[in-house]
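Novice: Construct all of the structure, not just a fragment, from the sequences and the given hints.
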Amino acid sequence: MITDNLDQAAQLLTRACQDRRRMTMLPRVIQPSDLEQGYQIQDIVATREPVAGWKVAATSQAGQNHIGISHPIAGRFGTSCILDSTGTADMTGNLMQVAEAEFVFKFCANLPARDNLYSIDEIMACVGTLHLGIELPDSRYELFVQAGAPQLIADNACANLFVLGPKIESDWRGDDLTRRKISLCLDGVLATEGVGSDALGDPKTALSWLVNHVSERGIDLLAGQFVTTGVCGDPTSVGAASHVQVEVESYGSVEINLLT
Numbered sequence: 000m001i002t003d004n005l006d007q008a009a010q011l012l013t014r015a016c017q018d019r020r021r022m023t024m025l026p027r028v029i030q031p032s033d034l035e036q037g038y039q040i041q042d043i044v045a046t047r048e049p050v051a052g053w054k055v056a057a058t059s060q061a062g063q064n065h066i067g068i069s070h071p072i073a074g075r076f077g078t079s080c081i082l083d084s085t086g087t088a089d090m091t092g093n094l095m096q097v098a099e100a101e102f103v104f105k106f107c108a109n110l111p112a113r114d115n116l117y118s119i120d121e122i123m124a125c126v127g128t129l130h131l132g133i134e135l136p137d138s139r140y141e142l143f144v145q146a147g148a149p150q151l152i153a154d155n156a157c158a159n160l161f162v163l164g165p166k167i168e169s170d171w172r173g174d175d176l177t178r179r180k181i182s183l184c185l186d187g188v189l190a191t192e193g194v195g196s197d198a199l200g201d202p203k204t205a206l207s208w209l210v211n212h213v214s215e216r217g218i219d220l221l222a223g224q225f226v227t228t229g230v231c232g233d234p235t236s237v238g239a240a241s242h243v244q245v246e247v248e249s250y251g252s253v254e255i256n257l258l259t
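Counting in numbering that gives the first Met the number 0, the sequence shown runs from 0 upward without gaps.
Warning: the hint list may mix true and false statements.
[Claimed, not checked] Mimicking BS3-like on lysine-lysine, the simulated pairs with C-alpha atoms at most 27 Å apart in a straight line are:
(1) Lys180 with Lys105
(2) Lys166 with Lys105
(3) Lys203 with Lys180
The set of hints was computed from the structure by calculation and includes no laboratory data. All of these numbers come straight from a predicted model, not from anything done at the bench.
Specialist: So this is what it looks like as structure tokens:
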């Protein structure tokens, strides 16, 4: 049930997104009291534009430490959040100032909400392509590390900008993604390196978690939407860097210029 307090919280967060400003945290009287209330606020905020993709945040210890929680949470990217390698990401005013290297699955078929869980085989049958991605998260809260999971969920799990790379052309379906090394370079210098297992043990596990979480909440996943599965390596401070590149050997790379 959506209460007036939850609606007020959603309106504050929506205006913060639109105006590119932030608050210390939500006013105490309208803060979500649990995870479900956080997701209810997120649902309202997400109605402002079509959903291009979904994210799983806090899938690794490094990711959890970065935002101060101990379990994964889900968020959504609106269409205005998505960039490709030909664009420039505006990082002016971004509080977090980090870049993250991620594996991304894109659906070729719908996954309707249902009562029983989806198996990984069912999910993978609906995945059309694998991509590399660069997440450039941010929060509408100045004190995001202290906000707690319900407020971070309401804040769309710190979704901000996302760079979706081209589809991986090689035959990746038989690969063990847990062992795949993924690197992130700033201005051509290696800044962090991770492996697929950083994302909940396996990017496919993170994907499965997101699909079933969304399904349990009565939300359909649609062909053309993507799921980015969480940071591999460390969330990396971009500092004064003007270029980010994420690469996996034999899979290719994705890159973006930064305006800092």
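Novice: State for each hint whether it applies.
Specialist: Consistency of the hints with the structure:
| no. | hint | result |
| --- | --- | --- |
| 1 | Lys180 with Lys105 | holds, 20 Å |
| 2 | Lys166 with Lys105 | holds, 9 Å |
| 3 | Lys203 with Lys180 | holds, 15 Å |
Violation of the numbered hints given earlier is absent; every hint is satisfied by the structure.
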